[in-house]
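Position chain B against the provided structure of chain A, taking the given hints into account.
Going down the list, the protein sequences come from chains A and B.
Sequential numbering from 250 applies to the first sequence in this note's numbering.
Sequential numbering from 36 applies to the second sequence in this note's numbering.
Honestly, the hints are just simulated from the structure, not real lab data.
A portion of the hints provided could be inaccurate.
Label pairs and their in silico Cβ distance ranges [claimed, not checked]:
| id | chain 1 | residue 1 | chain 2 | residue 2 | range |
| --- | --- | --- | --- | --- | --- |
| 1 | B | 101 | A | 1256 | 46 to 52 Å |
| 2 | A | 1042 | B | 191 | 52 to 58 Å |
| 3 | B | 131 | A | 1163 | 26 to 32 Å |
| 4 | A | 770 | B | 189 | 46 to 52 Å |
Computed from a prediction, not measured in an experiment: that's the story for all the values here.
Glycine residues also receive a C-beta, built at the ideal position from the N, C-alpha and C atoms.
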Amino acid sequence: MRPPHNAPLTRLLTTALALLAHLPRPAQAVFRDEVGHTDYHHQLLGLPLRETTFFHRPRRDDRASLLYTLSDVGVVGAVNPGSGEVVWRQDAYLSPSSLLGGGGGAKGEEEREEEEEEGKEAGWGRFLRAGEGEGWVVSAFGRAVHAWDAVSGRSRFWVPLDGVVRDLEVMEMTESGPGRKDVLVLVEERGGASVLKRLSAEDGCVVWEWRELTRDLPLQVSTNVEKVFVVSLKGAPGAYNLKVSVLDTLTGRKLDEMVVGAKADVHGKEDVMFVGANSAAPIVAWTDDARTTLRVNVLGTKARQEFALPADTVAVEIHAPHLVQSDPHFLVHSRTATGHRGEVFHVDLKTNAVSKAYALPLLPGPGAFSTSSNGANVYFTRITDDEVILLSSQSHGVLARWPLKTGDSKASAVHAVSEVIKRAGAEDSYAVRAAAVTDADDWMLIRNGEAAWTRPEGMTGGVAATFAEIPESEDLARSLEQEAHSNPLEAYIHRVKRHIHDLQYLPAWLNAIPARVMSSILGTDVRSTAGKLERDSFGFHKLVVLATRRGMLYGLDVANNGRIVWKKRAFPIPKGRNWDVKGIQAHDSTGQVTILGSNDDVIVLQSDTGDIIEAKAPSRDATTQATALVDTSSGQHLIRIGRGGKIGELPVDRAPRQTVVTRGAEGELKGIVFVPNGNSSYESVSWTFSPPKGQRIVHIATRPAHDAVASIGRVLGDRRVKYKYLNPNTLVLAAINDETHVLTVYLLDTVSGQVLSAAKHDGVDSTKPIECAMAENWFVCTFFGQYALHDNSAQAVKGYQMVVSDLYESDEPNNRGPLGSAATASSSLEPLDVPTADGGVVRPAVVSQAYILSAPVSALQVTTTRQGITARQVLAYLPEAHGIAGLPRVVLEPRRPVGRDPTAAEAEEGLLRYQPAVEIDPKSVVTHERDVLGVRRIVTAPAVVESTCLVFAYGLVDIFGTRVAPSFLFDILGKGFSKATLVGTVLALLGGVLLLAPVVRRKQINMRWQAPM
Amino acid sequence: MSALATAPVALPAWAAELKNPPAHKLKPDSIPDPPGSPWASSQISTGSKVTAPPRKPPTPAEMDTLKLKKAWEVALGPIKSLPMTAIMMYMSGNSLQIFSIMMVYMAFKNPIMGILATNQAFERFETEGNRAKILQVKLAYVVMQLVALALGVWKVNSMGLLPTTRSDWLAWEAQRDVLEHAVPGL
Chain A
250 MRPPHNAPLT RLLTTALALL AHLPRPAQAV FRDEVGHTDY HHQLLGLPLR ETTFFHRPRR
310 DDRASLLYTL SDVGVVGAVN PGSGEVVWRQ DAYLSPSSLL GGGGGAKGEE EREEEEEEGK
370 EAGWGRFLRA GEGEGWVVSA FGRAVHAWDA VSGRSRFWVP LDGVVRDLEV MEMTESGPGR
430 KDVLVLVEER GGASVLKRLS AEDGCVVWEW RELTRDLPLQ VSTNVEKVFV VSLKGAPGAY
490 NLKVSVLDTL TGRKLDEMVV GAKADVHGKE DVMFVGANSA APIVAWTDDA RTTLRVNVLG
550 TKARQEFALP ADTVAVEIHA PHLVQSDPHF LVHSRTATGH RGEVFHVDLK TNAVSKAYAL
610 PLLPGPGAFS TSSNGANVYF TRITDDEVIL LSSQSHGVLA RWPLKTGDSK ASAVHAVSEV
670 IKRAGAEDSY AVRAAAVTDA DDWMLIRNGE AAWTRPEGMT GGVAATFAEI PESEDLARSL
730 EQEAHSNPLE AYIHRVKRHI HDLQYLPAWL NAIPARVMSS ILGTDVRSTA GKLERDSFGF
790 HKLVVLATRR GMLYGLDVAN NGRIVWKKRA FPIPKGRNWD VKGIQAHDST GQVTILGSND
850 DVIVLQSDTG DIIEAKAPSR DATTQATALV DTSSGQHLIR IGRGGKIGEL PVDRAPRQTV
910 VTRGAEGELK GIVFVPNGNS SYESVSWTFS PPKGQRIVHI ATRPAHDAVA SIGRVLGDRR
970 VKYKYLNPNT LVLAAINDET HVLTVYLLDT VSGQVLSAAK HDGVDSTKPI ECAMAENWFV
1030 CTFFGQYALH DNSAQAVKGY QMVVSDLYES DEPNNRGPLG SAATASSSLE PLDVPTADGG
1090 VVRPAVVSQA YILSAPVSAL QVTTTRQGIT ARQVLAYLPE AHGIAGLPRV VLEPRRPVGR
1150 DPTAAEAEEG LLRYQPAVEI DPKSVVTHER DVLGVRRIVT APAVVESTCL VFAYGLVDIF
1210 GTRVAPSFLF DILGKGFSKA TLVGTVLALL GGVLLLAPVV RRKQINMRWQ APM
Chain B
36 MSALATAPVA LPAWAAELKN PPAHKLKPDS IPDPPGSPWA SSQISTGSKV TAPPRKPPTP
96 AEMDTLKLKK AWEVALGPIK SLPMTAIMMY MSGNSLQIFS IMMVYMAFKN PIMGILATNQ
156 AFERFETEGN RAKILQVKLA YVVMQLVALA LGVWKVNSMG LLPTTRSDWL AWEAQRDVLE
216 HAVPGL
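Isolated chain B, as found in the complex:
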């Protein structure tokens, strides 16, 4: 409001509001703040009620174990969804339809993206202390993604899209040249 007073040109109200959004309105006193709201915290902390004793912050070693545990969960994540994916792939059949094509696409995209984003996935669990262990986890993660990828490859193969048979290379086989020629004159 003071800005308005000192401004040499009177801006319309909406312009001023656009520039300086109005301050948060003070709530009426009759409505209590929800528990845990920042405004209420001071009141709570100063409240006379006896609360639980403050939790002891975990030690770095504990944190590392915790993080490692979490990291293992992330690493084994892909394998957990595999049975479901496998069933869906089996059910979707081997014909070339939009559904099975999408499934195959996803079956390839997810593991590859996962492998590429390995470091990002474990960044938050990585500390100075558990770096060596995290590396194991990462390897396990990559292996799991590869298993998922293998499922995709299996699917593609069962759809007949892999050039594994002789007929797939037939177009590149050349007809034999015949050295002599004959013409009929019958």
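One chain only, chain A, in its complex shape:
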């Protein structure tokens, strides 16, 4: 039974629906025909890095190659260069717990965890290599080496290492004939030892290991078939020397060691530009700090050659082939602030002398060079702002040249990889395809100058996102405002005029009716707003504004499969830094989105076009700790909260009316109120909450901004009412004690800072994520716990748990608690002698229950609907299953009867018997078969129709969005409803009536006439 769509919901109907929504119901599932219609997914890899992206042939005999990359977010994957689709992808990062198997002191764990986070974000190198002609690729990121099957992406082996990988190289072998290639991995161990391991490419076992316990910084490893070179930095920070250790390929024995160059030549790690590998004459190249000279050394020799770099060079890159059989040529790509140039050098194999072969002209733009080798031939592809130029390493003659056509969006390549094919037959015919990363954070394949596909890889690394309504026409808003301000007669005349003016749209509207009716009857999915940004009556058509850590902003059209409506670079973020967005707010009335960053930066833009209205670039220092959306006498504002929770003085009309809850300098929680003083208001701390000594705040959850409550009580089976404790000024705070592993969950009143309730959980693993979510009158917390039961210590519980707590005004039904029927509630700031006594603080009656989940969950979020009638779901990302589950509130219900079947009244209420284990039902996974990687946050927004909640998930890697209807689509006709049948039936009946009416009339007259007298 489905009520008609868009039915006006009266108050009475509301209660009826509330009953309906809470009835026990079959499991939710995503139907096949909804896939791709209600949900969308951007399967992303992350921004490819120059060093870890290449074309590679996964099968020796097959000429088809795939594009492999290990991105800046640590995803290794293969892309079909023809279509741009992901063939496979894997998370290259292995979590420390899975590597080290837990253990260790709590303190050490925590430090390691932090170090891990830092390293993951920036410090560690990412390496991806493939052996020529081999069917595998090998990646290293963090503390492990991982080999993958090149065609399927299946794991071949992985080797955990006790240290951070500094370099990875595939080594060409000579001793066991062609075809055998091994992996060299350079590790910097915890104690400062440099370890080079040769791993068998078959199964990852160690062939030999070379260890050196010095304080040197291991940098890179290189081979030239006969020898292995380990390049490291020796000396003190700021004045390093390059040290090259020469090792034997067969045994790993050290043959020689030499220090290259003059004393204190190298300033830091980043000055060493390049160490070639798998070349007949591998080189190491470095520059001075000012980027004026380039120093080159052919590995294995002591000589150092110097070349002057062009003036004003800001960055230098070196491009060289990675094949032994290729000519030992390399290209130096130097960038100035406005342009770029290239110089090609040759290495003489006999004398080991490096000579400059030719130079390429200075062209504007950053430019991108890439290398491709085919046997001994080495080709350089240069992508400038308007051209793709193919050069040979031998001479400066241009082999081919194509104008760059990237479609309507102007984009210039930052770095690229390319594949050059020399066509047989015609002597001078070449085909080039280059996969370039553009300055708009896109990954674009350029085939002979034309853009074949573009992948929006910049959408990875999302830091903030919000739903925004599509702005209504400004004219309308303005006219309405005008009407409101003029006298009634004028307003009436104005309105009549406006309606007459609107008549011009009538024919178009009338014309559109048949198509709309037909599409509605046939069930075809002709979107009435195809290509246009226009609100729809169901409220599904919204925009999402997404900000990424690289400083890009995206506008996504939620109703049209997450199509990118616009993309803008907010600020150029320097490499290695992140844009730290602290607050994002969409003003639905004006259609503007305000984004505040941590470094005093602000950007205001139009949500439908992405036009930047106001922008202030980030300053050097991080000044903002958080933001708060506050009500002031001049309207709603997003205000900054400085470090240590200080806001500072504000003018009276911009001072918040509410208490602002924020973190203090010591990590404590505090409430801030503003006290007016003349024309300005100064802040005053109204309360402070410091967790007890030894406890550390790990997570804080508050009620969502839109948290509609349909009913203030829960109706029990016997028609009595349990009144919900609905205090909007509450938050849930989880604090853990790292020594005792006790997690304490506090419920705080945010006006008075009073603790309303607290619960302790034993044996909680502090290294695993602890998260809470809150809505209406309940909250959930999830953590990993292991403890013995209190009543039966022989029985232990271990697993990912979810504790759900309901808050009621009183334990008794039909009782509104201490406040009784008072119409208002207030949180007293007065000190209390006995805080637990009645009459002091209105404390809720808490009912809690713990469940053990079958999988870890993170990024908890609660669905929200327009009026709050629909049942709730807890949305959670499954980091191990790569999906988003919607856990129904009916399952996570603290009042489920324990140890007995529910009584008839309880069953009527929808309570099931308590089962401690909650299996995550595949039907409840809203991402169904999609593989959604790296979700960090989920945002929800209500639609206009009550049944539906819009969901958007973003984070490190993927973008996913869908609509969920936790109580089914009770206010919309589903796709299964056959309007054709309905209309057909009505038409058939009408036809029947029209046809039969004369017959019946005739018969009736005849009957009258033939009536017996």
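Relative to the frame of chain A, chain B by itself:
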């Protein structure tokens, strides 16, 4: 037939018949009239057979008693059908179905209509003499209808349609207004 002769315009036969239906045809003599038919009465009355002596017409007092008795029967009528109704109501269950809804409708409609039509129901039994007694009967009748109505109310209550519990008034209870507000800035 004479009308036809004097009519200035000759009407067709059917029109004339429509205007003046033909007189009842005289039955053939061979078929006797059924006993008690008006045509036969004169023959019977004049018949030579000896019939029972004519019944003495009842006196007004007797008539009043008789009428009162009848009136009591009518008054107690509703209570007689109650057990049946109760069983049917019990059997029909407490769910909202077309059958139980109809039953409830009837359970309410009949008593109320009965009460409204009390005077009509006893009009024919009412005489000058038994007016006072009939009033008692009427009262009894109303009480019986109310009992029937009570059965309907019981049914409605057991169906949960009466707003007797706290939950029925929940929608009219207001959420408490909170005087202070706080915003998170975490």
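Status of each hint after checking the structure:
no., hint, result
1, 101(B) - 1256(A): 46 to 52 Å, "holds (47 Å)"
2, 1042(A) - 191(B): 52 to 58 Å, "holds (55 Å)"
3, 131(B) - 1163(A): 26 to 32 Å, "holds (31 Å)"
4, 770(A) - 189(B): 46 to 52 Å, "holds (49 Å)"
Violation of the numbered hints given earlier is absent; every hint is satisfied by the structure.
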